[in-house]
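There are 2 protein chains.
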Amino acid sequence: MKPDIPAVSERGEPGPNASARGASRERGLDRVVELFAHLHRVGHPVGIGDLARALSAPRSTLYGLVRILTDAGLLESVGPRGEVFFGKSLYFYGMDFLREHDVLGRARAEVDRLARETGETAQLCVLHERKYSVAYMSAGRRPFRISSEIGVQIPLPWTASGRLLLSDLSADEIRAFVPPEDLHPPRGAPMTIGAFIEAVAEARRQGFCITSGLVDPFTHCIAGPIHDRLGRVTATLCFVVAFDTPPERIKALRDTLLTSGHVLSLAPDREPPRSL
Amino acid sequence: MKPDIPAVSERGEPGPNASARGASRERGLDRVVELFAHLHRVGHPVGIGDLARALSAPRSTLYGLVRILTDAGLLESVGPRGEVFFGKSLYFYGMDFLREHDVLGRARAEVDRLARETGETAQLCVLHERKYSVAYMSAGRRPFRISSEIGVQIPLPWTASGRLLLSDLSADEIRAFVPPEDLHPPRGAPMTIGAFIEAVAEARRQGFCITSGLVDPFTHCIAGPIHDRLGRVTATLCFVVAFDTPPERIKALRDTLLTSGHVLSLAPDREPPRSL
DNA sequence: ACAAATTGTCTTATATAATGGACAGATATC
DNA sequence: GATATCTGTCCATTATATAAGACAATTTGT
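Chains as they are written, first to last, in numbering that gives the first Met the number 0: chain G, 0 to 275; chain B, 0 to 275.
Note that these hints are calculated values from the structure, not bench results. Predicted model, so just to flag it, every value in this text is computed and none were measured. Do not rely on the hints blindly, as some may be mistaken.
[Claimed, not checked] Heads up, simulated EDC-like pairs for lysine to aspartate or glutamate below, C-alpha to C-alpha not over 16 Å straight-line:
#: 1; chain 1: B; residue 1: 130; chain 2: B; residue 2: 180
#: 2; chain 1: G; residue 1: 130; chain 2: G; residue 2: 148
#: 3; chain 1: G; residue 1: 130; chain 2: G; residue 2: 180
#: 4; chain 1: B; residue 1: 130; chain 2: B; residue 2: 101
#: 5; chain 1: B; residue 1: 130; chain 2: G; residue 2: 148
#: 6; chain 1: G; residue 1: 130; chain 2: B; residue 2: 70
[Stated by the list, open to error] Far from chain G, some chain B residues (derived; all Cβ distances over 10 Å):
#: 7; residue: 29
#: 8; residue: 55
#: 9; residue: 91
#: 10; residue: 142
#: 11; residue: 191
#: 12; residue: 195
#: 13; residue: 230
The beta carbon of each residue, even a glycine, is placed where N, CA and C say it ideally should be.
With these hints in hand, go ahead and build the complete structure from the sequences.
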């Protein structure tokens, strides 16, 4: 590949004069955090050399860290080239997370049911790392070329669910929360933060949100909220439907969504009072 | 506080000779690995103080590490007391693992189908950390008080699946792999390693395995293998059925399992040749 | 066939992360 | 209400993990 790559402008804070000699040392755990984030972005196994380049970390350091992580089952080594990817332990930890949040588990089942019974693509969405994130998805019957696999992250202003997920934030909080660059939709003119804040407010008033052709020009996105016991929006259910879906069908799907969301909202998140 | 869990006798190695001087310093990442393992064992949120005690780590160190991990979404803080547990990022990484191993995903769906169509409790089991581990489970219709939640780990010799999962190891490898203390079943006389090796060999010959009352005195365990393209056993499907299940029903369930396992074994684990 | 790039392992130095302890504010316990 | 036990933050010290480079064994490209 590229033999050199000047480490694109020394990410992080190199310190104004740190250039003197050796780049600053980084904590192993911080590198691991970045490593995980990178694997998640890339979405497939990565060689250690490539990892070192991508994280601008010394190879010798990465070999050590990867050894520890693979021994722990947090990473696994695949292929003859020794590429690494998320390991079995992370699967189990993810299942632990799911068990602790049983709303999520029930919502996943509901997404499957919605997709099966309506034939449309249904999703469960949550807020993660200041982005709209697909927590679960069940493909509909139509052959859709959807970009919405589980784990995909999309700027909040591009989505209907994003408006609902920010319902509980004040205008100032939204301003501080949404990265400015996220206001530019993939195609079309950028949106002002003020307009987006107003859109969030309207989504809250209505209790649902429908957008057209925002992330994909040929789809509508229909979203409804799931609340926790305190009434805050913790997740959304949504349908992604073809652009030519008739209005009354969209209304019907919306109502289906609202019903499902309401049912999911009722059940307590876990054993109510924490007995002990 | 919680006098629960006998702490499994000080796992890990404190260092072959570390006893000599004051407790040696430990790498942050190593502590995190232990932290994750501990949370998984305990299975519910744990306060930082308790964590420090359980891992015999300094509190000040843990506060630092937990801060980093929660900022990264690997842990999350719940409750007014600030207990921590696995965070959303781990859920997403777990989903990434699942996507990378689509056999697992298909096997999960199959377990659901088996449980639905037979009414029995079905499981998907894998080898993890030298233990038999429940990777997925779908409860049957009978009201079972099963201890087999997802993530539960059981000594290999206590299970039918354990015998299949070790099919590809030589006698010596098995001897080295199975912790000696795992040979003691929960009730009844301990098994010799030799007897267990023979049981593994027989499971391989038969292509399935049925055990009675091993982990639970009132159940049978019926297990069948899932192979990878090289013929190695990568996972098992199994039914957990009541002790009074008639023999012919058990045979039928076994055949169902073998068929499912065979179908799952056929499909390639991912895109075959890695096009590049 | 050679040359160029890559992988994985080692070794040394030094920047720094882990540590233990002190601390104030909260909670629980008596 | 007094006492004990918690939680969370901050500091100075020092053991050590990170970084950098050299190395042989591969793999890759021409």
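- prompt: Quick one, are residue 130 of chain B and residue 148 of chain G close enough, alpha carbons at most 16 Å?
  reply: This hinted pair is violated, its Cα atoms lying about 32 Å apart.
message: Does residue 230 of chain B clear chain G by more than 10 Å, comparing its Cβ with all Cβ atoms of that chain?
response: It holds; residue 230 of chain B is separated from chain G by about 18 Å at its closest Cβ, greater than 10 Å.
- prompt: Does residue 191 of chain B really sit off the interface, with its C-beta more than 10 Å from all C-beta atoms of chain G?
  reply: holds (29 Å)
field: Given as non-interface: residue 195 of chain B, partner chain G, CB spacing beyond 10 Å
entry: Since the minimum Cβ distance to chain G is about 23 Å, residue 195 of chain B lies beyond 10 Å and the statement holds.
query: Between residue 130 of chain G and residue 70 of chain B, is the straight-line Cα distance small enough, at 16 Å or below?
result: Cα-Cα ~15 Å, so holds.
- prompt: Any Cβ of chain G at or closer than 10 Å to residue 91 of chain B, or is the non-interface label fine?
  reply: Given a closest Cβ separation of 5 Å, the condition is violated.
query: Hey, residue 130 of chain G versus residue 180 of chain G, does the alpha-carbon distance stay inside 16 Å?
result: holds (12 Å)
Verdict on residue 29 of chain B as a residue remote from chain G, using beta-carbon distances over 10 Å: violated (7 Å)
- prompt: residue 55 of chain B: least C-beta distance to chain G exceeds 10 Å?
  reply: The claim holds: residue 55 of chain B sits with its nearest Cβ about 18 Å from chain G, beyond 10 Å.
query: For the pair supplied as a hint, residue 130 of chain G and residue 148 of chain G, is the alpha-carbon distance within the 16 Å limit?
result: Distance of about 15 Å is within 16 Å: holds.
query: Taking 16 Å as the top limit, are the C-alpha atoms of residue 130 of chain B and residue 101 of chain B close enough?
result: At roughly 22 Å apart (the allowed maximum being 16 Å), residue 101 of chain B and residue 130 of chain B break the hint.
message: A cut-off of 10 Å on Cβ-Cβ distance, and residue 142 of chain B was said to be off the interface with chain G. Does that hold?
response: Given a closest Cβ separation of 19 Å, the condition holds.
Violated hints, listed in ascending order, are 4, 5, 7 and 9; each of the other numbered hints is respected by the structure.
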